[in-house]
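*Asks:* For the sequence shown, the working numbering assigns the number 1 to the initial residue and increments by one for each residue that follows.
Because the hints were derived from the structure by calculation, they are not lab data.
Errors might be hidden in some of the hints.
25 Å max Cα-Cα, derived BS3-like pairs, lysine-lysine [to be verified]:
| no. | residue 1 | residue 2 |
| --- | --- | --- |
| 1 | Lys92 | Lys53 |
| 2 | Lys116 | Lys102 |
| 3 | Lys116 | Lys53 |
| 4 | Lys106 | Lys116 |
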Amino acid sequence: MDLTTILVVIVGIIIAGALIYFLPKKLISWFGMEIGEEGCFIATAAYGTPAAKEINVLREFRDDKLYQSSIGRNLVNIYYRTSPPFAYFIAKHDLLRAIVRKIFIKPVTKIIENSKR
Numbered sequence: 001m002d003l004t005t006i007l008v009v010i011v012g013i014i015i016a017g018a019l020i021y022f023l024p025k026k027l028i029s030w031f032g033m034e035i036g037e038e039g040c041f042i043a044t045a046a047y048g049t050p051a052a053k054e055i056n057v058l059r060e061f062r063d064d065k066l067y068q069s070s071i072g073r074n075l076v077n078i079y080y081r082t083s084p085p086f087a088y089f090i091a092k093h094d095l096l097r098a099i100v101r102k103i104f105i106k107p108v109t110k111i112i113e114n115s116k117r
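With the hints as extra help, turn the sequences into a complete structure.
*Replies:* Written as structure tokens, this is what we have:
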């Protein structure tokens, strides 16, 4: 992994540190999400659409960097397992959506974009 990948992973781990890894399937389905779904749940919730430019940056990073190592694939799998209920909650609160966009998604996508230069 290159330095950018490591920095983004560290930021993600710090923010995701509060997430509970072993959420019961019933809790996840109660929030209306299926465990097997793949996507940028939290970013989509924050932007209200899966088509936002920042979400495409995150998808590209996932596909080009994270999927290239077993550690990265495991992090993505943990994210897919834990994020749906949080994304559902974020989507229902406009202030939280704005905070997530400004404090997490924009800085992370900026790091990723600057690493391409």
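*Asks:* Would you mind marking each hint as holding or not holding in the structure?
*Replies:* These are the hints, each one checked on the structure:
no.: 1; hint: Lys92 to Lys53; result: holds (21 Å)
no.: 2; hint: Lys116 to Lys102; result: holds (21 Å)
no.: 3; hint: Lys116 to Lys53; result: holds (16 Å)
no.: 4; hint: Lys106 to Lys116; result: holds (16 Å)
Every hint from the earlier list agrees with this structure, and none is contradicted.
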